[in-house]
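For this one, chain W is given, so just place chain Z on it according to the hints.
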Amino acid sequence: MIFSITDQCLDPEALKAELTRESAGAFVSFEGWVRDHNDGAAVTALEYEAHASLASKEGQQILAEAVERFDVLAVSGLHRTGHLAIGECAVWVGVSAAHRGIAFDACRYIIDELKQRVPIWKKEHYRDGPSSWVNCATESAVTEV
Amino acid sequence: MINVTAQYFAVFRERAGQNAEPIETSALTAGELFAEVSDRHGFADSVARCKVAINDELATWNSPLEDGDVVLFFPPVAGG
Numbered sequence: 001m002i003f004s005i006t007d008q009c010l011d012p013e014a015l016k017a018e019l020t021r022e023s024a025g026a027f028v029s030f031e032g033w034v035r036d037h038n039d040g041a042a043v044t045a046l047e048y049e050a051h052a053s054l055a056s057k058e059g060q061q062i063l064a065e066a067v068e069r070f071d072v073l074a075v076s077g078l079h080r081t082g083h084l085a086i087g088e089c090a091v092w093v094g095v096s097a098a099h100r101g102i103a104f105d106a107c108r109y110i111i112d113e114l115k116q117r118v119p120i121w122k123k124e125h126y127r128d129g130p131s132s133w134v135n136c137a138t139e140s141a142v143t144e145v
Numbered sequence: 001m002i003n004v005t006a007q008y009f010a011v012f013r014e015r016a017g018q019n020a021e022p023i024e025t026s027a028l029t030a031g032e033l034f035a036e037v038s039d040r041h042g043f044a045d046s047v048a049r050c051k052v053a054i055n056d057e058l059a060t061w062n063s064p065l066e067d068g069d070v071v072l073f074f075p076p077v078a079g080g
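Chains W and Z are the protein sequences, given in the same order. Each residue of the first sequence is one higher than the last, beginning at 1 in this note's numbering. Each residue of the second sequence is one higher than the last, beginning at 1 in this note's numbering.
Note that these hints are calculated values from the structure, not bench results. Be careful, since some hints might not be right.
Going by beta-carbon spacing under 8 Å, a handful of chain W positions derived as facing chain Z [said to hold, decoys possible]:
id	residue
1	Ala24
2	Glu49
3	His51
4	Leu54
5	Ser56
6	Thr81
7	Ala85
8	Val118
9	Ile120
10	Lys122
11	Val134
12	Cys136
Partial selection, computed: residues in chain Z whose CB lies under 10 Å from chain W [what the hints assert, rightly or not]:
id	residue
13	Glu57
14	Val70
15	Phe74
This structure is a prediction, so every number in the text was calculated from the model and none was measured. Backbone N, C-alpha and C define an ideal beta-carbon position, used for all residues, glycine too.
So that you can see chain W by itself, here it is in the shape it has in the complex:
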């Protein structure tokens, strides 16, 4: 049960191999990919920033909650930081369990909580126009001179 923050490319096959168990009848994974558009704007790349130690700690806490709530056999998760190109895997979550229902539910729980709680920020670079931080307010109280 490990959650990591990494600036290296994710290797889903290797991550999956870590979760094999003889008692497992199901494996479910989620991969979040860098998409070429968001809210109608053409996206050319993403930049992820994390507070590495707190992000790892919060991610670890979410995995622990999943283990407690669902009857899973093994879970793990990783999130990338740095500059990612279209199509790259930004986040990976994997769950093995005796049966598929539990594996689906636990995987969904983990990715939903990760997106809401882990201190990671995403900057979108657009084909047309300046880049912006996703989810952050844009208007500023400061008057530019």
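Chain Z in isolation, oriented as in the chain W frame:
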């Protein structure tokens, strides 16, 4: 007055134009300090959507500040 260090991440870092700064403040809580730095740098996100950590531990907006604290301000998260 106490002396603390404010640390900024993502959009806050860009708005502030720096990773961190020393601040002499009369703020008693993390929330009061956030109001102060939001004013100073024009942060536009509300406390309801932001998070704060003190000395590398997640804290609440009501958490009291002490001299020497390092206060980390996190804008709304967007992992995944």
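*Which of the stated hints cannot be reconciled with the structure, identified by number in ascending sequence?*
Failing hints, ascending: 1, 5, 6, 7, 14.
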